[in-house]
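Visitor: So the chains spell out like this:
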Amino acid sequence: EIVLTQSPTTMAASPGEKVTLTCLASSSVNYMYWYQQKSSASPKLLIYYTSILASGVPDRFSGSGSGTSYSLTISSMEAEDAAIYYCLQLTSTPPITFGSGTKLEIK
Amino acid sequence: EVQLVESGGGLVQPGRSLKLSCAASGFTFSNYGMAWVRQTPTKGLEWVASISTGGGNTYYRDSVKGRFTISRDNAKNTQYLQMDSLRSEDTATYYCARHEGPFGFFDYWGQGVMVTVSS
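Protein chains in written order, with our numbering: chain A, 12 to 118; chain B, 397 to 515.
The set of hints was computed from the structure by calculation and includes no laboratory data. We put the beta carbon where it would ideally sit given N, CA and C, even for glycine. The reader is advised that the hints may include incorrect statements.
Pairwise CB distance ranges (calculated) [to be verified]:
{"hint": "1", "chain 1": "A", "residue 1": "Pro69", "chain 2": "B", "residue 2": "Asp469", "range": "33 to 41 angstroms"}
{"hint": "2", "chain 1": "A", "residue 1": "Ile63", "chain 2": "B", "residue 2": "Gln399", "range": "18 to 26 angstroms"}
{"hint": "3", "chain 1": "B", "residue 1": "Asp480", "chain 2": "A", "residue 2": "Ser37", "range": "27 to 35 angstroms"}
{"hint": "4", "chain 1": "A", "residue 1": "Ser51", "chain 2": "B", "residue 2": "Gln399", "range": "17 to 25 angstroms"}
{"hint": "5", "chain 1": "A", "residue 1": "Pro69", "chain 2": "B", "residue 2": "Phe423", "range": "19 to 27 angstroms"}
{"hint": "6", "chain 1": "B", "residue 1": "Ser426", "chain 2": "A", "residue 2": "Thr31", "range": "35 to 43 angstroms"}
{"hint": "7", "chain 1": "A", "residue 1": "Thr16", "chain 2": "B", "residue 2": "Thr436", "range": "34 to 42 angstroms"}
{"hint": "8", "chain 1": "B", "residue 1": "Asn427", "chain 2": "A", "residue 2": "Thr20", "range": "37 to 45 angstroms"}
{"hint": "9", "chain 1": "A", "residue 1": "Ser87", "chain 2": "B", "residue 2": "Asp469", "range": "41 to 49 angstroms"}
{"hint": "10", "chain 1": "B", "residue 1": "Gly422", "chain 2": "A", "residue 2": "Lys29", "range": "33 to 41 angstroms"}
{"hint": "11", "chain 1": "A", "residue 1": "Lys29", "chain 2": "B", "residue 2": "Asp480", "range": "43 to 51 angstroms"}
{"hint": "12", "chain 1": "A", "residue 1": "Ser25", "chain 2": "B", "residue 2": "Asp480", "range": "49 to 57 angstroms"}
{"hint": "13", "chain 1": "B", "residue 1": "Ser481", "chain 2": "A", "residue 2": "Thr20", "range": "31 to 39 angstroms"}
{"hint": "14", "chain 1": "B", "residue 1": "Asn427", "chain 2": "A", "residue 2": "Pro26", "range": "36 to 44 angstroms"}
Let the hints inform the model, and build the full structure from the sequences given.
Guide: Here is the structure:
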């Protein structure tokens with residue numbers, strides 16, 4: 012089973028600040044996927060195939076990485092970006108595995 | 397508009413059964429693999445099971461193998477999760493999710509349904 016480790020666990024950013032979230036895989040994966048979950052809502056697809064923005068996602072979000080190291084970057088933090096962010100891998104399945112999440116708060 | 401609506405959750409005693417349903421609309425259901433994902437405050441998001449487009453192939457996480465059964469009825473645009481021999485650790489919010497294509501990433505999620513296993 013591929014374990015995904017996200018860091019930091021929690022962070023706070025000021026409006027306009029650049030934010031980088033990291034997801035490390037225990038073994039190499041082909042792609043990484045990112046989801047955003049606000050309050051008690053269901054997760055929403057943010058980025059697929061490592062760097063492609065899902066429909067309707069603002070272009071201040073971007074994804075990058077390869078092998079075992081991937082990142083999600085917000086170029087300029089906005090209040091509406093406060094949420095929990097999860098990474099997901101499908102390379103070695105089953106099981107499909109998620110990271111434990113990064114809680115991003117606004118300062 | 398893609399919609400996934402779960403139902404069937406509730407409070408159940410340990411060892412008992414519960415069946416979840418997920419009604420899909422807004423897309424050609426039979427063209428997509430489907431899945432169940434659960435979430436708890438302590439374990440976060442956990443993939444539970446997936447089913448292929450025609451229902452012939454199913455996949456489970458180890459902790460639910462032999463206890464949970466995923467199925468689908470393409471004529472009714474509905475997938476199901478039969479949960480038997482429930483344990484307290486199965487307590488979670490269960491989400492219905494659509495695979496992109498046959499078995500890709502999850503591109504749409506339902507609103508979730510709560511399952512509580514307690515005496």
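Visitor: Each hint should be assessed against the structure and marked as holding or not.
Guide: A quick look at each hint next to the structure:
1. For the hinted restraint 33 to 41 angstroms between A:Pro69 and B:Asp469, the CB-CB distance of approximately 38 angstroms keeps it satisfied.
2. Between A:Ile63 and B:Gln399, the C-beta spacing of about 24 angstroms keeps the proposed range 18 to 26 angstroms intact.
3. Between B:Asp480 and A:Ser37, the C-beta spacing of about 32 angstroms keeps the proposed range 27 to 35 angstroms intact.
4. The hinted window of 17 to 25 angstroms between A:Ser51 and B:Gln399 holds, with their beta carbons roughly 18 angstroms apart.
5. With their beta carbons about 25 angstroms apart, A:Pro69 and B:Phe423 fall inside the hinted range of 19 to 27 angstroms.
6. Checking the proposed 35 to 43 angstroms range against B:Ser426 and A:Thr31 shows it holds: the Cβ atoms sit about 41 angstroms from each other.
7. Checked against the hint of 34 to 42 angstroms, the pair A:Thr16 and B:Thr436 fails, with Cβ atoms roughly 19 angstroms apart.
8. For B:Asn427 paired with A:Thr20, a C-beta distance near 38 angstroms keeps the hint of 37 to 45 angstroms intact.
9. In this structure the supplied range 41 to 49 angstroms holds for A:Ser87 paired with B:Asp469, their Cβ-Cβ distance being about 46 angstroms.
10. At roughly 36 angstroms, the beta-carbon separation of B:Gly422 and A:Lys29 lies within the given 33 to 41 angstroms, and the hint holds.
11. The supplied range of 43 to 51 angstroms is met by A:Lys29 and B:Asp480, whose beta-carbon atoms lie about 49 angstroms from each other.
12. As the Cβ distance of A:Ser25 to B:Asp480 is approximately 50 angstroms, the hint placing it in 49 to 57 angstroms holds.
13. Roughly 34 angstroms separates the CB atoms of B:Ser481 and A:Thr20, a value that falls within the hinted 31 to 39 angstroms.
14. For the hinted restraint 36 to 44 angstroms between B:Asn427 and A:Pro26, the CB-CB distance of approximately 42 angstroms keeps it satisfied.
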